[in-house]
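For the record, the sequence lines run as chains A and B.
Just so you know, our numbering puts 9 at position 9 of the first sequence, and the rest follows in order with no gaps.
All you need for our numbering is the position in the second sequence, starting with 1, plus 1000.
Please note that the accuracy of each hint is not assured.
Said to hold, decoys possible - Below are the EDC-like pairs computed for lysine to aspartate or glutamate, each with C-alpha atoms no more than 16 Å apart in a straight line:
id: 1; chain 1: A; residue 1: K98; chain 2: A; residue 2: E59
id: 2; chain 1: B; residue 1: K1073; chain 2: B; residue 2: E1052
id: 3; chain 1: A; residue 1: K46; chain 2: B; residue 2: D1041
id: 4; chain 1: A; residue 1: K135; chain 2: A; residue 2: E87
id: 5; chain 1: A; residue 1: K121; chain 2: A; residue 2: E95
id: 6; chain 1: A; residue 1: K46; chain 2: A; residue 2: D80
id: 7; chain 1: A; residue 1: K32; chain 2: A; residue 2: E59
id: 8; chain 1: A; residue 1: K121; chain 2: A; residue 2: D92
id: 9; chain 1: A; residue 1: K106; chain 2: A; residue 2: E148
id: 10; chain 1: B; residue 1: K1074; chain 2: A; residue 2: E148
id: 11; chain 1: A; residue 1: K32; chain 2: A; residue 2: E87
id: 12; chain 1: A; residue 1: K46; chain 2: B; residue 2: E1021
id: 13; chain 1: B; residue 1: K1073; chain 2: B; residue 2: E1106
id: 14; chain 1: A; residue 1: K106; chain 2: A; residue 2: E87
id: 15; chain 1: B; residue 1: K1128; chain 2: B; residue 2: E1045
id: 16; chain 1: A; residue 1: K98; chain 2: A; residue 2: E122
id: 17; chain 1: A; residue 1: K32; chain 2: A; residue 2: E61
id: 18; chain 1: B; residue 1: K1128; chain 2: B; residue 2: E1021
id: 19; chain 1: B; residue 1: K1074; chain 2: B; residue 2: D1036
id: 20; chain 1: A; residue 1: K49; chain 2: B; residue 2: E1052
id: 21; chain 1: A; residue 1: K135; chain 2: B; residue 2: D1036
id: 22; chain 1: A; residue 1: K135; chain 2: A; residue 2: D71
id: 23; chain 1: B; residue 1: K1128; chain 2: B; residue 2: E1052
id: 24; chain 1: A; residue 1: K119; chain 2: A; residue 2: D92
id: 25; chain 1: B; residue 1: K1073; chain 2: A; residue 2: E87
id: 26; chain 1: A; residue 1: K49; chain 2: B; residue 2: E1045
id: 27; chain 1: A; residue 1: K135; chain 2: B; residue 2: D1026
id: 28; chain 1: A; residue 1: K135; chain 2: A; residue 2: E148
id: 29; chain 1: A; residue 1: K46; chain 2: B; residue 2: E1052
id: 30; chain 1: A; residue 1: K46; chain 2: B; residue 2: D1053
Hint data in this document are derived by calculation from the structure and do not stem from the laboratory.
Since the model is a prediction, treat every value here as computed from it, not as a measurement.
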Amino acid sequence: MESRWSEGGSSTSSIIIEKSMIKYMSDEKETKISALVVDDDAIIRKIHKTMLERLFNMEAETVKDGKEAVDLHLSGANFDIIFMDKEMPIMDGHEATKHLRAMGVKSMIVGITTRGDDKDKEEFLAAGSNHCFEKPLDRAKVQQVLQEHENFSI
Amino acid sequence: MDGIVQLQRQLVDYTASLFHEGFLDDQFNQLQQLQDESNPDFVVEVVTLFFEDAERLLNELSKALGQPSIDFKKVDAHVHQLKGSSSSIGAQRVHRVCFAFRNSCEEQNVEGCLKNLQQVKHEYSLVKSKLETLFGMEQQILAAGGSISRCGWLDATSIFLRRQTLLQLKGTLILVNFFQIGEMSPGQHVICRQDPKAS
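All chains, full assembly: derive it from the sequences and hints.
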């Protein structure tokens, strides 16, 4: 049986929400990957947390700057992946990354910058991050990180 | 029932016009895709944060540029923030003016900065009122008992797979936001309806 599709229509009642692609994208493993989003921008925190949870089935927490991220680890918290903004007040991203590495934190750290040039990237990688991406973080970038994460031992 | 369909069509057309006129870009679409029944207000919440942030920054910018001796570093920092938050929600035209604004800052061009401030205020108020209209239309549909859906991020394969699913939904209006299809422009919306005569 073949059905025809036409544009427009009249006797219809509702629009359907289809999320199959998103489901397809998400990680169905039983143990969720834990993520920490470090960003001073409340909009970014909300978007990134929601994206990691909805599209990748992660468990995401957020903090406002590098120092809060370091403090959280000092109090015993641990995450599989840390998404770290570059420019933040109090303690910025590459500095926090250095601190975390010096503390022996072995999480995967993903630096996020607003600048296209290589300076931020080099700083981040030199500080011990595994990746560095330009904002905005999107599905493809997270996927790239996750592919590596599968082989990543903590 | 027909009233709802008409509202839904208006919403589709209006949304498409916001993309075509460059007010919004793909990032807004990405936000819409993160919204579902379990977080139905996500987009409104994010956009509200943007409004608050933008208004605070525009005030700061007016103040900073009203000083007899202008601290360009401070102005640039504010513009940088506005650039970031406008790109986070996909407010493309605001984002573009921010680029020019940062150049004026770098050149320490007072006149340029003042002109850019007016432009960015103008673009901000436009996109704000457009988004409010959009949310108003969505509310109207929900209040009338209709629902809203978006399924962006479709490629050829997923459209094929999706069609199999959609074929089971006889006589249902489907709003598809074809996004990553080469021959269609971003944000283009298509309403497909299964022809009742076909089944």
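Going through the hints against the structure:
1. K98/A x E59/A: violated, 24 Å
2. K1073/B x E1052/B: Status violated; Cα separation ~22 Å.
3. K46/A x D1041/B: Roughly 12 Å separates the two Cα atoms, so the pair holds.
4. K135/A x E87/A: Given pair K135/A, E87/A holds - Cα atoms ~12 Å apart, limit 16 Å.
5. K121/A x E95/A: holds, 13 Å
6. K46/A x D80/A: violated, 19 Å
7. K32/A x E59/A: Since the Cα atoms of K32/A and E59/A sit roughly 6 Å apart, the hinted pair holds (cutoff 16 Å).
8. K121/A x D92/A: Measuring from Cα to Cα gives roughly 14 Å; hence the hint holds.
9. K106/A x E148/A: holds, 14 Å
10. K1074/B x E148/A: violated, 40 Å
11. K32/A x E87/A: Answer violated: K32/A to E87/A is near 29 Å, above 16 Å.
12. K46/A x E1021/B: Outside the cut-off at roughly 27 Å; violated.
13. K1073/B x E1106/B: holds, 9 Å
14. K106/A x E87/A: Outside the cut-off at roughly 22 Å; violated.
15. K1128/B x E1045/B: holds, 14 Å
16. K98/A x E122/A: holds, 13 Å
17. K32/A x E61/A: holds, 13 Å
18. K1128/B x E1021/B: holds, 14 Å
19. K1074/B x D1036/B: Roughly 39 Å separates the two Cα atoms, so the pair is violated.
20. K49/A x E1052/B: Violated: K49/A and E1052/B sit about 20 Å apart, past 16 Å.
21. K135/A x D1036/B: Violated: K135/A and D1036/B sit about 24 Å apart, past 16 Å.
22. K135/A x D71/A: Cα-Cα ~25 Å, so violated.
23. K1128/B x E1052/B: Distance ~11 Å between K1128/B and E1052/B Cα, so the pair holds.
24. K119/A x D92/A: holds, 15 Å
25. K1073/B x E87/A: holds, 15 Å
26. K49/A x E1045/B: holds, 14 Å
27. K135/A x D1026/B: Holds. K135/A to D1026/B sits at ~14 Å (cutoff 16 Å).
28. K135/A x E148/A: At roughly 20 Å apart (the allowed maximum being 16 Å), E148/A and K135/A break the hint.
29. K46/A x E1052/B: holds, 14 Å
30. K46/A x D1053/B: Status holds; Cα separation ~14 Å.
Going down the numbered hints, you'll see the structure goes against 1, 2, 6, 10, 11, 12, 14, 19, 20, 21, 22 and 28, while the others check out.
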